[in-house]
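Let the sequences and hints guide you as you build the complete structure.
These protein sequence lines map, in sequence, to chains C and D.
Numbering (the numbering used here) for the first sequence: 267 to 382.
Numbering (the numbering used here) for the second sequence: 77 to 190.
Keep in mind that a hint or two might mislead.
To spell it out: a stretch of chain D is covered by chain C in this simulated footprint if at least three of its residues, at any positions, have a beta carbon under 8 Å from a beta carbon of chain C; those stretches are [unchecked claim]:
id : stretch
1  : 106-119
2  : 122-134
3  : 178-185
Just so you have them, the derived chain D footprint on chain C, three or more residues with Cβ under 8 Å [stated by the list, open to error]:
id : stretch
4  : 278-288
5  : 303-312
Hint data in this document are derived by calculation from the structure and do not stem from the laboratory.
Every residue gets a Cβ at the ideal spot worked out from N, C-alpha and C, and that includes glycine.
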Amino acid sequence: GAVVSQHPSWVICKSGTSVKIECRSLDFQATTMFWYRQFPKQSLMLMATSNEGSKATYEQGVEKDKFLINHASLTLSTLTVTSAHPEDSSFYICSARGLESTDTQYFGPGTRLTVL
Amino acid sequence: AQSVTQPDIHITVSEGASLELRCNYSYGATPYLFWYVQSPGQGLQLLLKYFSGDTLVQGIKGFEAEFKRSQSSFNLRKPSVHWSDAAEYFCATVDGGATNKLIFGTGTLLAVQP
Numbered sequence: 267g268a269v270v271s272q273h274p275s276w277v278i279c280k281s282g283t284s285v286k287i288e289c290r291s292l293d294f295q296a297t298t299m300f301w302y303r304q305f306p307k308q309s310l311m312l313m314a315t316s317n318e319g320s321k322a323t324y325e326q327g328v329e330k331d332k333f334l335i336n337h338a339s340l341t342l343s344t345l346t347v348t349s350a351h352p353e354d355s356s357f358y359i360c361s362a363r364g365l366e367s368t369d370t371q372y373f374g375p376g377t378r379l380t381v382l
Numbered sequence: 077a078q079s080v081t082q083p084d085i086h087i088t089v090s091e092g093a094s095l096e097l098r099c100n101y102s103y104g105a106t107p108y109l110f111w112y113v114q115s116p117g118q119g120l121q122l123l124l125k126y127f128s129g130d131t132l133v134q135g136i137k138g139f140e141a142e143f144k145r146s147q148s149s150f151n152l153r154k155p156s157v158h159w160s161d162a163a164e165y166f167c168a169t170v171d172g173g174a175t176n177k178l179i180f181g182t183g184t185l186l187a188v189q190p
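The following block contains the structure:
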C-alpha cells in the first residue's frame with residue numbers, strides 16, 4: 267500500500283516552454299501533497315505544500331508564478347514549471363500524506379527535468 | 077526549530093559487515109523520526125519511523141533504529157549489509173507547525189564493497 271506515482275519519469279524540453287509533472291496517490295487518498303526539488307548529491311528542498319481544494323503554500327524563495335501547483339483531487343497533484351530555463355533543470359519529487367497516517371509521507375519516484 | 081544532523085556524508089562498508097548510520101535530532105519533546113532510503117535516480121522509500129513507545133524500531137529490508145533520548149540520537153543499523161543496500165540514506169523529522177512538513181538531514185551515502 268501507500269504507492270505514489272509520478273509522470274513523466276524524465277522530460278527534456280526547450281527553454282521557454284512549460285512542463286507539467288503529475289503526482290498520483292494510487293491506493294490512498296492524499297489530503298496533502300508536497301513538492302520537493304533535489305540537486306545532485308544534495309538533500310531534498312521543499313518547494314511547496316498543497317492541500318486538496320486549496321491554494322498551495324510555497325516555501326520562502328520559491329516563485330509561485332513559476333512553479334504552479336494544482337491539487338484538484340485527493341489523488342492528483344500537478345506541478346507546472348512555466349517558461350522553463352536551464353537553471354530549472356533538476357530532480358523533482360512529490361510526496362503524499364493520507365487521511366489515516368497524517369505524519370508519514372510517501373514519496374513518488376521523481377521526475378528528471380532537463381531544460382535545453 | 078526542529079532539525080536532524082547526519083554527521084557522516086559518506087560511508088563505505090564491506091558486504092556482510094554490520095552498519096550503523098548516525099542521526100542526531102534537535103527537539104525538546106519527543107520527536108517524530110524517520111529513515112528514508114534513496115537509490116540513484118529514484119524517489120525515497122520509507123524504511124522505518126518512530127513516534128512513541130518501544131525505542132527499538134524494526135523496519136523493512138532488515139533495518140532497525142533505536143531512539144535514545146539521552147543521546148538525542150536515532151541511529152539506523154543493519155547486522156549484515158548486502159550490495160543492494162548501497163544508496164543514500166536520509167534521516168528526517170517532522171516540523172511541528174501547521175503543515176507537519178519533513179525536515180531532512182543532509183544524507184549519508186553508503187557504498188558497499190565486495
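Taking the hints in turn, this is what the structure says about them:
1. 106-119: holds (count 6)
2. 122-134: holds (count 3)
3. 178-185: Our answer is that it holds, as 6 residues pass the Cβ test (under 8 Å) against chain C, meeting three.
4. 278-288: Violated, because only 0 residues of the stretch 278-288 of chain C bring their Cβ atoms closer than 8 Å to Cβ atoms of chain D.
5. 303-312: holds (count 5)
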